[in-house]
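Position chain B against the provided structure of chain A, taking the given hints into account.
In the order they appear, the protein sequences are chains A and B. Note that my numbering gives residue 467 to position 354 of the first sequence, counting from 1, and the numbers run on in steps of one. Note that my numbering gives residue 249 to position 136 of the second sequence, counting from 1, and the numbers run on in steps of one.
Hints listed in this document are in silico derivations from the structure and should not be mistaken for laboratory results. Hints should not be assumed to be uniformly reliable.
[As the list claims (entries may be wrong)] So, partial list: chain A residues that the calculated Cβ filter (under 7 Å) puts toward chain B: (1) L404; (2) T412; (3) W472; (4) L485; (5) V531; (6) D535.
Computed from a predicted structure; not experimentally measured. Note that beta-carbon positions come from the ideal geometry of N, C-alpha and C, so glycine has one too.
There are 2 protein chains.
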Amino acid sequence: MSVEAMENIDVDELSRLADEKKYRQLKNLLLEMNSVDIAAFIEDLDSERTVVVFRMLPKDLAAEVFAELSSEKDMHIINSITDRELSDIMEDLYVDDAVDMLEELPAIVVRRVLKNTKTDTRKLINQFLNYPENSAGSIMTAEYIGLKESMTVEESFAYIRKHGIDSETIYTCYVTDAERRLNGVVTVKDLLMNPYETTVSEIMDTHVLKVTTTQDQEEVVDMMSRYDLLSLPVVDSENRLVGIVTVDDAMEVMEEEATEDFEKMAAMLPSEKPYLKTSVLQLAKNRIPWLLILMLSSTISGAILVYYENAFAALPLLVSFVPMLMDTGGNCGGQSSTTIIRGMAVGDIEPSDILQVVWKEIRVGIVAGAVLAIVNFVRLMIQYPGNTMICVTVVISIFITVIVAKTIGCTLPIGAKVLRLDPAIMASPMITTIVDAVSLMVYFGMASRLLELAA
Amino acid sequence: MSVEAMENIDVDELSRLADEKKYRQLKNLLLEMNSVDIAAFIEDLDSERTVVVFRMLPKDLAAEVFAELSSEKDMHIINSITDRELSDIMEDLYVDDAVDMLEELPAIVVRRVLKNTKTDTRKLINQFLNYPENSAGSIMTAEYIGLKESMTVEESFAYIRKHGIDSETIYTCYVTDAERRLNGVVTVKDLLMNPYETTVSEIMDTHVLKVTTTQDQEEVVDMMSRYDLLSLPVVDSENRLVGIVTVDDAMEVMEEEATEDFEKMAAMLPSEKPYLKTSVLQLAKNRIPWLLILMLSSTISGAILVYYENAFAALPLLVSFVPMLMDTGGNCGGQSSTTIIRGMAVGDIEPSDILQVVWKEIRVGIVAGAVLAIVNFVRLMIQYPGNTMICVTVVISIFITVIVAKTIGCTLPIGAKVLRLDPAIMASPMITTIVDAVSLMVYFGMASRLLELAA
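Okay, chain A solo, but in the shape it has when bound:
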């Protein structure tokens, strides 16, 4: 990605200038770039040059770049600059970026940072640090434009001109009363489309979409994406405006939540950091719990096989179809559960749709099961001519397994949701383990009956 994104920027040229200590030329080039690309460039510098290059940046830009850097780089910079420089950066950082950074740093560094932060900002940061993880409060920012009902359009513009530079977004302004209660919302578009003497109260929209600090970040994102919002106000329990969530943070949360679902659905605990920065032990720690649970659960399938020991002792060929049955069952169940879990995550499917979903999956199972059974029958009749009854056993087992797998695969995630568990745990790995046991019972039950084998 970085290659495409930085297509207009010659990273080699920048590195060369840094190597040759042509700092003035380097600075001129950097000033032409945006903070994201500068941060990407600094990220690859060695520790000494990191600080040299960072110090070249003007105050405002430095804070922006600082917010984009990894916590490792941030810590290195903090440890290398003076208290005064640190204090300047902290005043220019948006509160949400400051909080994100502090959550990653060791306590001793946090203490020095907070010591060099002005009292008001420090209070705000401490308040933000206390919101529960993944809540609206934890992703909001405090820098918004607040207007009063009595202001005119002209006064509003004057206010925006004065305070806009410190706000994350100026395009949606929030109207509050003397107690900071949120009464309305007005966009810069509304302001622009109305005469200067109009008052805010005349043009503001009083039907404000909002969330409370403790609501889950997923609800915030759903709401912003559903109503195409650029920002969403966050209020406390008494409807006082405490912050806003901007659309760029919402997009980040959306990506994080999808990643989390991918991880959970592959039987892993969600990880906090990007893969390459996560330690081997942490990765192992995230993966082992479910592996253990699923490994121990699959002994049930083993027990079923032991129970039918005589069947395959008499007819060893039977065993050779076990992997095909188990894999097909697992894949069918995985398809259904993935479809339903994702459908619920994006709001297409509600638990109340359960009957419709099950009926649909059963019919899909009948169609898919029939096709797989026919293809398999043809193959088996060619591969094992004369063993018609074995073929029939395998084919009927496949057909039933597909239908059962689809039914289990769609029922369990909805059941989890109803029980207020995370549906994502009922994804492919768990479904596979359950379906394995069922498909083996169907198969050997069928074999005992059709082939007249003693169980």
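Relative to chain A, chain B alone:
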């Protein structure tokens, strides 16, 4: 979702008013609501009331609601209104919404719609319909604010006031020359922060981030999320501005792309429509191809079992550990492949990181394999006391299987990417099938050696 989102709106009250034909009261309530909620309400009305309620809406709002409705409802409304009404809606729809709708409608309806669309708009729609699916061109809109370099801030505001009402976003304005070539970008924030007499050329940013019409929509989203953009300009091959992509559409694409990855990674072809609106046959068609491929591939594992027939004929207990081995291998491989596929999708991992990734996965495999082996050893020694060599065989097989599964699971998705295939096909189902065969070979190879059984 709809319940939370519509918390301030009494749907029952609306339905009651519609039932009792109290249309004036209903209209007053509707006018207080936003287009998303009105569309959600209309979606649940029967066909007769749909048209009655839709006709209540003022022209502008009608077009907005129309853009939010499902294609079924749109078609019903189109078939029930006059040519004149249709023409009005088409003029008020944004081009991207019109195109999205037309792509879903049957040809005969499309013809009537285009017949009632003004020539300019029709040309634009036809042009947009021709961009390749999933390209930047297919998700962009034509309604943006275009300024000239020579304009002053004051003239710019006058222009925005006049044309802003028809633009999807006014907050980022694009500066073009006489040939419509894109030369710069200026935000309303920039305009507000500068004196009225400043010219656009003085404050515009000439480092414009942009995409071409044929670039993939995923690149568009990556770029917007990386640089926190509210809109991104789309140019043709000669750098002429043809449209913009807005952040709300980018969020939608992000959600769609994640859903597509979930589907592919569960061995399904991506589906076009929400689950509940997809037919049983279509669902079966999306699911059967991979099921067939994987079913036939898993006969390889079956063949391996047949090859070791004598081993488990002599020692039937051996078979009972097959499900555990296969499931554990599949789960381990699935964890790794999911992590790597998602990591590549969000840009955390590049194919050039392959050595680092493989080395990390091997180490994770050693840790996870050791833990699973130890737990299993303890369990087996309790469950089957005296069968020490069988336990050792199972435990060593588990350990090796975990490491091999992790290695295969991380290598194949990267390999697919290098070969310009979609890494998502190398997800859990495919990996499981491959790892199954490997784990059975390890297990029975080990058993033949350690237990001195004839293969």
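Hint by hint, here is what the structure shows:
1. L404: 6 Å, holds
2. T412: Status holds, d = 6 Å.
3. W472: With a minimum Cβ separation of about 9 Å from chain B (threshold 7 Å), the hint on W472(A) is violated.
4. L485: It holds, given that the least Cβ distance between L485(A) and chain B is near 6 Å, below 7 Å.
5. V531: Check failed: Cβ of V531(A) comes no nearer than 15 Å to chain B, outside 7 Å.
6. D535: 15 Å, violated
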